[in-house]
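Number of protein chains: 2
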Amino acid sequence: MPGSEKEITIYDIAEKLKVSAATVSRALKDHPRVNKNTKKKIVKAAAEMGYRSNSFASNLRRKNSNIIGVIVPRLNSSFMSDVIAGIEKVVNNNNYNLIISQSLETMKKEISNAKAMLNNRVDGLLVSLAYDTTGIEHFEPFIKRKIPVLFFDRIIEHAHYPQIYIDNFKAAYEVTDHLLQQGCKRIVHINGNQLRNVYAERLRGYKQALEAHHIDFDEQLVIINDLSAKESAAAAEAILQMNPLPDGIFTVNDVSAVSCIQVLKKAGIKIPEQIAIAGFNNDPAACVIEPNLTTVNYKGYEMGEVAASMLINHLTNRQDLQQTHSLILRSELIVRESSSRKK
Amino acid sequence: MPGSEKEITIYDIAEKLKVSAATVSRALKDHPRVNKNTKKKIVKAAAEMGYRSNSFASNLRRKNSNIIGVIVPRLNSSFMSDVIAGIEKVVNNNNYNLIISQSLETMKKEISNAKAMLNNRVDGLLVSLAYDTTGIEHFEPFIKRKIPVLFFDRIIEHAHYPQIYIDNFKAAYEVTDHLLQQGCKRIVHINGNQLRNVYAERLRGYKQALEAHHIDFDEQLVIINDLSAKESAAAAEAILQMNPLPDGIFTVNDVSAVSCIQVLKKAGIKIPEQIAIAGFNNDPAACVIEPNLTTVNYKGYEMGEVAASMLINHLTNRQDLQQTHSLILRSELIVRESSSRKK
DNA sequence: TTGTAGGCGTTATCAA
DNA sequence: TTGATAACGCCTACAA
Chain A
1 MPGSEKEITI YDIAEKLKVS AATVSRALKD HPRVNKNTKK KIVKAAAEMG
51 YRSNSFASNL RRKNSNIIGV IVPRLNSSFM SDVIAGIEKV VNNNNYNLII
101 SQSLETMKKE ISNAKAMLNN RVDGLLVSLA YDTTGIEHFE PFIKRKIPVL
151 FFDRIIEHAH YPQIYIDNFK AAYEVTDHLL QQGCKRIVHI NGNQLRNVYA
201 ERLRGYKQAL EAHHIDFDEQ LVIINDLSAK ESAAAAEAIL QMNPLPDGIF
251 TVNDVSAVSC IQVLKKAGIK IPEQIAIAGF NNDPAACVIE PNLTTVNYKG
301 YEMGEVAASM LINHLTNRQD LQQTHSLILR SELIVRESSS RKK
Chain B
1 MPGSEKEITI YDIAEKLKVS AATVSRALKD HPRVNKNTKK KIVKAAAEMG
51 YRSNSFASNL RRKNSNIIGV IVPRLNSSFM SDVIAGIEKV VNNNNYNLII
101 SQSLETMKKE ISNAKAMLNN RVDGLLVSLA YDTTGIEHFE PFIKRKIPVL
151 FFDRIIEHAH YPQIYIDNFK AAYEVTDHLL QQGCKRIVHI NGNQLRNVYA
201 ERLRGYKQAL EAHHIDFDEQ LVIINDLSAK ESAAAAEAIL QMNPLPDGIF
251 TVNDVSAVSC IQVLKKAGIK IPEQIAIAGF NNDPAACVIE PNLTTVNYKG
301 YEMGEVAASM LINHLTNRQD LQQTHSLILR SELIVRESSS RKK
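Chains A and B are the protein sequences, given in the same order. The first sequence begins at 1 in our numbering and counts up one residue at a time. The second sequence begins at 1 in our numbering and counts up one residue at a time.
Calculated lysine-lysine pairs in the DSS-like style (CA-CA distance at most 25 Å, straight line):
(1) A:K63 x A:K29
(2) B:K89 x A:K89
(3) B:K108 x A:K44
(4) A:K16 x A:K36
(5) B:K270 x B:K185
(6) B:K63 x A:K6
(7) A:K108 x B:K44
(8) A:K270 x B:K270
I should point out that these hints are in silico values taken from the structure, not numbers from a laboratory.
Please take these sequences and the hints and turn them into a complete structure.
In structure tokens form, the structure reads like this:
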């Protein structure tokens with residue numbers, strides 16, 4: 001039974017075929033300067049003997065791993081699993097492999113993940129930052145070694161790291177502007193940790209839109225939480241206690257928006273008539289909740305594809321890291337019933 | 001600047017400290033027989049010099065990779081991203097790393113993924129089978145090399161491969177039984193590819209429950225599709241054309257169930273009064289759709305944790321593969337409004 | 001077109 | 001407790 005006892009090496013193949021190991025090595029990697037016939041024989045023998053190349057040896061020799069590392073806050077969100085799926089597709093199509101880890105939203109784990117990635121000798125790294133990450137020194141060892149690190153979605157401005165994200169400011173501006181145009185005057189804004197660009201930018205967009213409509217920003221209307229269903233339900237309860245009630249809610253993710261809608265509906269609030277609501281992300285649930293949720297569409301799958309492509313281009317073209325610009329992807333406001341007041 | 005020029009090796013550290021590379025190696029892995037002081041010095045120097053161990057060399061020498069491979073049909077489903085999150089947690093806590101790839105539901109890609117995993121020398125493999133996989137010969141090379149392969153969720157019965165799954169037969173039986181108890185007499189059953197245990201078993205459960213209630217199985221009431229929202233909407237349209245209308249629908253995932261509910265509601269059907277509906281998986285949308293969806297809860301996160309733990313136990317205890325039994329995880333029927341008829 | 005030979009960085013064995 | 005040495009399997013100048 002081939003391969004059942006010990007691993008076959010190129011030397012075993014060489015011996016059997018009375019050629020040198022070098023020739024076997026060349027043949028197996030389609031090196032141009034090797035006789036067609038010899039190559040055919042070698043490939044055939046390799047298959048018969050159950051040979052598999054030893055990537056450790058090869059990597060050791062060549063000093064690269066063909067592995068792309070990914071660090072994300074959580075794997076199990078609708079958005080992030082789309083991103084990962086997109087990354088995987090591109091990475092796989094380019095004969096790279098993927099090592100994935102999650103920071104579980106803590107900087108501590110993010111640091112330890114980064115260390116692991118470094119020791120695993122990833123050729124490049126894709127990162128979306130944890131909720132509470134305050135610095136990115138833990139990625140410096142990569143830069144020193146010229147291993148490209150690319151941030152996506154939850155990014156940090158820094159010359160060494162190319163970034164891929166959407167224009168969160170603009171998207172949030174559009175959402176808020178839309179709500180205002182629907183007649184909202186007092187819009188509660190539920191938002192996340194202001195350390196992260198995605199959240200800070202959205203708050204900025206909210207403020208800016210208010211200003212454009214000559215409405216004073218009211219700190220009391222901003223609720224910062226972790227955007228989970230649980231904390232958002234609590235936020236909705238708090239909103240119910242407000243007097244007067246707000247007439248709009250803009251919350252920066254859909255999990256949170258759905259949770260709010262559920263609480264408010266149960267309390268007898270009419271949506272969008274009494275309170276218009278908009279979210280962010282266009283999760284599948286946005287089209288399931290009633291009324292359907294107005295939100296920002298922002299395709300994770302595409303972001304994953306683009307991020308992976310950019311990184312791999314780097315790697316194969318040996319471009320200098322600095323040369324790559326940041327990339328801003330398109331997002332779009334999708335207006336649905338949760339914010340559509342009849343004229 | 002440490003580490004900025006060339007990679008530091010144990011020889012560099014050895015030279016600087018006037019000890020041998022062997023001692024450095026031992027010190028860095030906490031080998032017991034090395035002087036406390038020497039160790040301290042070595043560890044300190046390593047940090048200062050920006051040393052990182054070369055996993056290629058180490059793996060080559062030790063003949064294992066500390067990498068666990070995962071092959072799943074798709075990464076971006078609610079269930080699967082939970083599974084992956086669970087796997088990642090356990091794998092990471094045990095100082096293994098994770099290589100992930102998706103078969104995109106085709107056997108062809110599954111085979112090529114398996115090859116890549118083999119060449120990457122994973123220490124173990126976790127697999128959930130693609131929609132149309134008919135054989136599992138592509139995993140035999142792992143078995144020959146005593147690399148454990150463990151199937152989860154979408155499994156195949158085979159002595160060489162331990163399996164983790166839920167009792168799909170029982171779960172489906174309970175769902176059907178519940179619908180029957182609610183007074184349903186004609187239950188449409190929407191199901192997936194019967195090649196896969198998860199789907200075949202659920203059909204079996206459906207049939208068995210009918211039989212227990214002395215209701216004849218009617219082939220006409222079974223719709224086989226890919227369980228996507230799109231095909232399920234089409235199925236719902238077909239159901240609307242049935243004469244007489246069925247009074248129940250049991251579909252084997254929640255995406256499908258939600259899609260059906262949306263179509264039926266739009267057509268003016270009262271749920272659950274006219275048609276009671278149940279799904280499978282307990283996706284987040286199950287609690288968002290109105291009426292809330294009766295479904296089978298079946299925690300992916302836990303399945304991921306258990307699968308990874310089992311595999312890693314194998315690896316660390318060097319147990320024989322055959323000794324591990326299959327594991328059946330708990331699942332539970334969750335009755336919600338979509339199937340609750342007032343008595 | 002093919003072969004020779006050295007080295008990638010680590011660890012295990014043996015000896016000191 | 002430490003050191004010398006020989007693999008691990010592959011790749012790539014360089015030579016033939």
